[in-house]
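Trainee: Sequences listed follow chains A and C, in order. When we follow our numbering, the leftmost residue of the first sequence carries the number 1, and every step to the right adds one. When we follow our numbering, the leftmost residue of the second sequence carries the number 793, and every step to the right adds one.
No wet-lab data here; the hints were simulated from the structure. Fair warning: there could be bad hints in the mix.
[To be verified] So, partial list: chain C residues that the calculated Cβ filter (under 8 Å) puts toward chain A: (1) Pro890; (2) Gly898; (3) Gly917; (4) Ile926; (5) Asp946; (6) Met947; (7) Gln948; (8) Tyr952; (9) Pro977; (10) Thr1019; (11) Glu1044; (12) Thr1094; (13) Asp1122; (14) Leu1126.
In this text, all values refer to a predicted model and were calculated from it rather than measured experimentally. Heads up, the beta-carbon is just placed ideally off N, CA and C, and yes, glycines get one too.
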Amino acid sequence: MKVLLSWLKDYIDIQESPEKIAEALNMTGLEVEEVIQPGKNLDQIVVGKILSRDPHPDADKLSLCSVDVNRGQPLQIVCGANNMKAGDKVPVAMLGAKLPGGFEISRAKIRGVESSGMMCSKKELGLSEDHGGLYILDESAHIGEDIVKALSLDEVIFDISITPNRGDALSHLGIARELSAIFNLPLHRDPLSNEDGEDSIENHINVEIEDTSHCPRYGARVVHNIKVGPSPEWLKDRLEKAGLRSINNVVDVTNYIMLDIGHPMHAFDLSKVEGNKIVVRNARKDEKIMTLDNIEHGLDSSMLVIADANKPLALAGVMGGLNSSVSENTCSVLLEAAFFNPTTIRKTAKRLGMMSDSSYRFERGTNIDNVPIALNQAARLLKEIAGGKPVKGLADCYPKPEILRQIRVRTKRANRVIGINLTPAQIETFLLRLKLDTRRDGEDLIVSVPPYRHDLELEVDIIEEIARMYGYNNIPETLPAITSVLQLPTALQKICTRLRDHMVSCGFNEIMTYSFIPENVSDSFREKKPMMLKNPLSEDLSAMRTSLKWGMYDALRRNILNDEFNLKLFEIGRVFHPSAGGLSEEHTRLCLGFSGSQNPRDWRRNGENFDLYVIKGVVENIAKLLRVKVKFTTGSCSLFHPAMQMELIVGKNHLGEIGQLHPEFIDNKKMPKCIYLVEIDLGKAAEASEGASRMQPIPDLPAIRRDLALVAPESIGNREINKILTAEGKALLEDCYLFDVYQGKGIEPGYRSLAYSLTFRDLRKTLTDEEIQPLIDKMIGRLDRELSVKLR
Amino acid sequence: MSESHETLLQQYLSEHQTAKSTADLETLRVKYLGKKGEVTELLKGLGKMAPEERKAVGAAINDLKNRIQNSLDESMRSVALSEQNAKLNAERPDHSLPGLYPSSGGLHPVVQVAREVADIFLSMGFFMAEGPEIEEEYYNFEALNVPSHHPARDMQDTFYLESGQVLRTQTSPVQIRTMEALKPPLKMIGLGKVFRKDSDITHSPMFNQMEGLVVGENISMADLKGTLVMFVENMFGKRPHRFRPSFFPFTEPSAEMDIQCIFCEGKGCKVCKNTGWMEVLGCGMVNPKVFDAVKYDTEKYTGFAFGMGIDRIAMLRYGINDIRLLFSSDIRFLRQF
Ligand SMILES: [Zn+2]
Chain A
1 MKVLLSWLKD YIDIQESPEK IAEALNMTGL EVEEVIQPGK NLDQIVVGKI LSRDPHPDAD
61 KLSLCSVDVN RGQPLQIVCG ANNMKAGDKV PVAMLGAKLP GGFEISRAKI RGVESSGMMC
121 SKKELGLSED HGGLYILDES AHIGEDIVKA LSLDEVIFDI SITPNRGDAL SHLGIARELS
181 AIFNLPLHRD PLSNEDGEDS IENHINVEIE DTSHCPRYGA RVVHNIKVGP SPEWLKDRLE
241 KAGLRSINNV VDVTNYIMLD IGHPMHAFDL SKVEGNKIVV RNARKDEKIM TLDNIEHGLD
301 SSMLVIADAN KPLALAGVMG GLNSSVSENT CSVLLEAAFF NPTTIRKTAK RLGMMSDSSY
361 RFERGTNIDN VPIALNQAAR LLKEIAGGKP VKGLADCYPK PEILRQIRVR TKRANRVIGI
421 NLTPAQIETF LLRLKLDTRR DGEDLIVSVP PYRHDLELEV DIIEEIARMY GYNNIPETLP
481 AITSVLQLPT ALQKICTRLR DHMVSCGFNE IMTYSFIPEN VSDSFREKKP MMLKNPLSED
541 LSAMRTSLKW GMYDALRRNI LNDEFNLKLF EIGRVFHPSA GGLSEEHTRL CLGFSGSQNP
601 RDWRRNGENF DLYVIKGVVE NIAKLLRVKV KFTTGSCSLF HPAMQMELIV GKNHLGEIGQ
661 LHPEFIDNKK MPKCIYLVEI DLGKAAEASE GASRMQPIPD LPAIRRDLAL VAPESIGNRE
721 INKILTAEGK ALLEDCYLFD VYQGKGIEPG YRSLAYSLTF RDLRKTLTDE EIQPLIDKMI
781 GRLDRELSVK LR
Chain C
793 MSESHETLLQ QYLSEHQTAK STADLETLRV KYLGKKGEVT ELLKGLGKMA PEERKAVGAA
853 INDLKNRIQN SLDESMRSVA LSEQNAKLNA ERPDHSLPGL YPSSGGLHPV VQVAREVADI
913 FLSMGFFMAE GPEIEEEYYN FEALNVPSHH PARDMQDTFY LESGQVLRTQ TSPVQIRTME
973 ALKPPLKMIG LGKVFRKDSD ITHSPMFNQM EGLVVGENIS MADLKGTLVM FVENMFGKRP
1033 HRFRPSFFPF TEPSAEMDIQ CIFCEGKGCK VCKNTGWMEV LGCGMVNPKV FDAVKYDTEK
1093 YTGFAFGMGI DRIAMLRYGI NDIRLLFSSD IRFLRQF
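The following block holds chain C by itself, in its conformation from the complex (with noise of 0.2 Å):
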């Protein structure tokens, strides 16, 4: 390189040093590598030169060139990334404003409970059966073993229809439309409304329920209990269980389940009324004079069926105190499901 091309690179590099923006970088690369630039008139002054000297100088010039180029390249780059920089972080979003999405709602906590309890019995190879709400007196009480004029039927304060049907006052039924349009083994679970002539704050004259049923052979008490006690740890947790004998004509022997206190862990509330004990379900083994109303051998088969308000837990799990508030539709209440 020749003495004048180093003092113009100095000159470049000089000049570069103080280049701050792309536009300086910009006005450089005119002044040198320009149409008109110093750099460009030195090509332009090659042709006057004989052809051995032109040889020389021009790879010269060329290397001038290249590494003006590159250096105004990466300048560039490296400008034009932090111009940009700058420009983006100049922008203030306010990271506290609401985002604009509709928010989603909320699924009634009913239906939120009964999806979990449901979702516990259908893996475990239950299927869900339905059944009418309007049922006809015969599903609801005498195929379940609850003749007319029995004091069972105290148990349950039922609404009539002029029609002479009932309101069902259980899901029972759903178990005999089952047991009527299929042959067993079966595992089965029923869901739906119910109605008991009732309302204060622990019963609505409607209210949901949850059954199922077990038929095969062979399936005993102890069937019974090992269903409903993997139920009940995966529904409350392992805590804690007992089956107390109790009465319900549709089963023989029956049980009532409870759990301990989910609020004071066994050791006595106001909500287990001091006793440690939160009754979850009813449940027995289904008496043979259902299965006689139904056709099924009662020698062959053997069977368990339980049932539980849903309702209630979702009042215990939510800690709702009025059951009336499920059905407010309040729109104050629903939100915070």
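One chain only, chain A, in its complex shape (with noise of 0.2 Å):
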């Protein structure tokens, strides 16, 4: 909101400077955004009058003006703009002055002729986006005054950002009551205008209200005689200035008393009332209105409207209707004044999509007392201004008159939520300020509430504003004097801790991508069917993630469409999925993504790529992390590669899925084939996550170690022979690895050799070959007999 500092010393004589008071309402929770000074760096620029304009003897695009600045001679000046002519008026700079981009005026040639001076755009004065030319100052501007006096630039504009619950400070009086209380300065009301007039308003009109809970007041006035046209400048100005368009006296005023007292109002064409007659009255199913936007609207019982006898003519606290709005033609107008309730207003404005000055300032309450003279003041303006003569007398309907509000504050209280030490007088001199009536009743203060601030509801409101007297600063500093209950990280986020440090340890960058996705991913990426979101950003964010491997996919992609060919990310976050009822699950889970070359800066093996061997080392790294059993088995997840996948289970749970991207999302020839990703649920991770296990003593007698190299079918997997093995090793074998697969030269086609480290001990005695022998003849036997494996 725009308030000016002009307007405001209606109502306090403020002497302090621009940049202290916009301080002082920061402080006091009223932010300032910006502190606007139009005329702050216009010196030297004068109103001047055209008395000649010839073209430049040598260009075509500029002209050669001849300016009075009733400073002696007229100036010669040189300019390209083309949209004015003698007898105009224009700001001219002169010399020596400085425009507010930093441009200096000086003597110049400009192609041959001599300029001395520059007349000005709007854009130039800083005064507006607008580059239309010059600006052409009213004919009214007196040659040679300064340009700040001429345009009344010399104002102080505070845009003021206000929240939702000050809706007492959206008006110049509001900020005026704020800055009374922070400087201690008296506030000047005019006295309640009066209601004189001719005539009566019972002859005229005659208000009712349906239901008061929705509108617990409507007041209007009657003004004749009314020649509408433009507002005077000083109305148009302080209109502008404060971020309205003029549009003609009559709804200029209204606003005007809006900004001024922060009571919107509305003015009907009278003679557009039918029945003399204002109904405030719920909207009646397939009733329409025309506002004034020029947007027709179905109405529905749960909107308020004003109505005549026959049809409604406004969106209560909204909009007016088209219909009944005041036109050129109008002479007589009735003057609306209500109080709606906050709600009943935001639900139509939400409803129909509109938020107006008017319905912003009644979904935040105003002030109900200020009907009559909101009505009263409007009455007079229009009196001033548009010839009005107002009938005497308000239709004021007010049937249940509101009881001020009485909150009971104790001092010590208010002393213990702030943790300060301040007397109940000294509690009552800041109440004062803030015009906030109190009583004292012991140590405690009983303060009647006034009807405009409706956010002191509770004591604790009211010690917010005893806070905000004192000054946030000025309380002091301490430590909670108390010791938590102690709440453990859980056993996921532990898990999630470490294995952050793990992955980033191994090399991995991390990513976070959003929590929801496009809503036709192929089905590949999905494990459920998705939530959805009621309004999305975007088509592409719509679908809550049931898995977070198209947001990995997505990344790799966009990654190697930059040229980022070897990748390895991960992602911590968590998974959505529908419950019984529409509620949601919420899995945390860990996804990684490989591409390209496992080891690209490495000068010696550089290109190894990934393959699914390296995949699966990594996981059951993780798993040893994790101290989880995980069990690799053939994998059927249609977006892998349909081979090259396994399943991860943990007992007899699905834990999650390695595998190659299958070709099919391989869509771009940017992309390698070999893409790999990773998913792991990692709350089933932390179920399945066993306890440290005990110490197992350090042998001290010897062991034996034997290789064993054997010729296999393909079709043999190490698991079947290292079944064996560890069934025939018995007791005595301490560990058993492969440690080398090969198939080629020396090895018959269908056929590969693999060889085995085989650890024999016994904790009590030393070993000899001897007891060995017999357990590897078992071995190699039974290798024959049931899979056909042979010593190499």
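Assembling the complex is the task here: the two chains are given apart, and the hints tell you how they should meet.
Mentor: Below you can see the structure in the form of structure tokens.
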């Protein structure tokens, strides 16, 4: 909201600098976003009158003007603009003037012709972005007068952002009231303006409120003999500086009252009001109204309208109807000032997707006591500036006058909440400065809340006022004297922390992708039907992810298209699965993405691309870190190459999957064929995680190591061989691992060579070769019999 | 020592002078001490001597032998050492070749900052709580004193799900869930993703918040200030700060905390819009209506709450000018952290 310093001075004699005022407002909770001083940097710019305009002798697009600036000889100025003629008055920057952009005016020769000064556009003066030629001033401007004065630019405008609780501050009066409290200055208010006039209001209008819960008070005044026309300059000037467009004197007066005291008003053309009647009622089904913005709205019974005997005239508190609006031909107006229930107005405005300055204020709560004041001031202004003749009295329908809210504030409590030590008398002083009437009751204060402070409901709301006046920055700084209940991190939280560090050490970069993904991704990226957003930002961000794989795929793909081919990425985040009753289950997952070379910067082995076994190794390492026993089985994920994938199982549960991206999803020439993804459910991993195992004694007796080189048909897996080796090694086989796999020269096609290293140990005595040999013989025998695996 | 022995020793010593390598020394050893060496031959000659003569001459020959032996051993050691050194020094590794250990990756910048922030509060005795990202409207709004049809809802443009729930617009629902589960005194922080319908260079539809809550007997605004000043000084260094009144439905009184701009040290710059101040967090005393919602005794307990945008702090810390970069997964960006 834009607030004019000169307007504030109608209410308060404030002499502080604009910076100090802004600072004070900031420090009491009214955030000043900008202090605008349009005339601040305009020096030596005056009103000039163009006496003649001739073409430049050497340039088609330039003109040569003679300009009177009331300083002796007229100035000769070369100008590139085209919208001026002799007789126009324009702003002239004199020699030595500095324009807001920093440009300094000096004597110059332009295409051989002397130019002593510059005629300016609005943009050059920093007044608007409009660069449509010179700023042609009003006829009445005084030649030679300083432009700051001529355009009354010596204004200070505060752009204030007002929080939703402070509807009372949405006006000049409201801000002045706040400043009066901050600087402890008196606030001047006009004495109640009178209701005098001719005739009597009863002869013209009768107001009825159907349901006072929606509209507790509705007042109207009638003014005859109006001449609708432009507003006087002072009114236009104030409205425009405050950010409103001047429309005509009647509409401007209602807007002026709104900006002045914060009460939105409306003016109807009295001749369009049928039956001398205003009814505040809910809209009827199928009723329609064409509002001032030329949009027709279908209404329903939840919406409040202002109607005459036959039809709706306005959407209450939101916008007037076109059919009853003030036009050039209007000569009698009906002025409306009312108090509407904030929720009712908000519902209607939301429902119709409309927001107006009026609805904005009604939603935040207006001052019910201002109804007659607004009407009388508007009538007075119309009399002054539009020749209006007010009718005596108001039609003020206010069946149940509001009773002021009383709040008890305990001094002790206030001090305890704020952490200070004020006396009741000190508190009283603060509250009085805020125009909050208080009464003492022992150590307590009983505060009467004025009708405009809708934000003051509870004791703590008054405590905030006390703290504001005391100054937040004067409150001491202490530390809480409590010890919190102990809550250790959950297993899942710990796992996430460890994994992040682990993945980073292993060379992965962490990514963070949106929790919502496009609606139309392939089903292969989904595990369930996703939960959908009702109001997404776009279709690309409309479905809650059911797995992290799409985000990872998208991240890999986009990096690859940026020529970043070698990637190791990870994400830890939640996925969302619908569950019974439309609620959601959130699962925390780890997703890994691999592309290109394992070690692109390894100058000895840089050719090695990722393959399924490397990925499996990464996962085995993670399983070890998390102390989870993972089994790898045949996978069936449609996102992956049908063969090059594995399912991860823990106990009997699915834990995740690893695999090579199916060629179907390699949809760009830049993308390498070997892209691998891993996804692991960390919640399940946390559940399956085993505690630390007990220490095993370090053996002091020697072991015997034997290597077995075997030749096996291709169809025989490591797992089957290992099973037999382990079974036959019995308790003496301490360790058994595969150390070589070979196919090629020396091995028959269809076969491969597998070499195992076996370690035997007896913890009680030193083993001899004779004790081991029978075990090995048995292994070899069984391998041959059962698997046709032979010693090489 | 006899003259012949002396001559032999002198002969050895002069030959030893010219021996430069281990091979030369070995030749010398064979010549004097080998099976047919000159000293060995002398020893062999002892047998032909009379016993009384043998004793004296034997001792003299052994003395000769020992001297040569010691001289050879010592030379052997030093020559071997210098030969080894020469060999080692001949090796020429390229010190400028890169090391071969796989390079480490990086945590997401937001995660790095979140950890830094969390560590400060955890050290101050807070615990970390979590809550769902898809939230019931009640937890996101009503329990936090934001009734439907209240203008405060305009402060946050909300994503709704077809199921009727919302994507949480703030981490504050974590406060409610924590208070429902635990009794005071408590000091908690909550960290997580939040969602608002907004997208430009300073707004992302998803971003990260850190939330804090302290509830106990006699918790005051002074405690709020002390706690947050301690945080800010540890996070941004000791620098001027200020608290401005503000409005949040779930706190009363409410405040925003500013610190002196970290870019211009208060002189005014583009980042701080020439104010010299940067807003870092919102805070306030828990509104009794919120305590009512979780059935805490509003007379007995008071508390404060605060919240801050982790992404914004990360952007300030690393000079990131577009919030959307954080969620771009662009490796050229991520590699820098
Ligand atoms: Zn700055």
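Trainee: Each of the hints needs a verdict: does it hold here or not?
Mentor: For each hint, the structure was consulted:
1. Pro890: With a closest approach of 7 Å, the proline 890 of chain C hint holds.
2. Gly898: 5 Å, holds
3. Gly917: 6 Å, holds
4. Ile926: 4 Å, holds
5. Asp946: Holds. Min distance 7 Å.
6. Met947: This interface hint holds because 7 Å falls under the 8 Å limit.
7. Gln948: Since chain A brings no Cβ nearer than about 11 Å to glutamine 948 of chain C, farther than 8 Å, the hint is violated.
8. Tyr952: 4 Å, holds
9. Pro977: Status holds, d = 4 Å.
10. Thr1019: 6 Å, holds
11. Glu1044: 5 Å, holds
12. Thr1094: Threonine 1094 of chain C check passes; min Cβ-Cβ to chain A is 6 Å, inside 8 Å.
13. Asp1122: 7 Å, holds
14. Leu1126: 5 Å, holds
Violated hint for the displayed structure: number 7, the only one.
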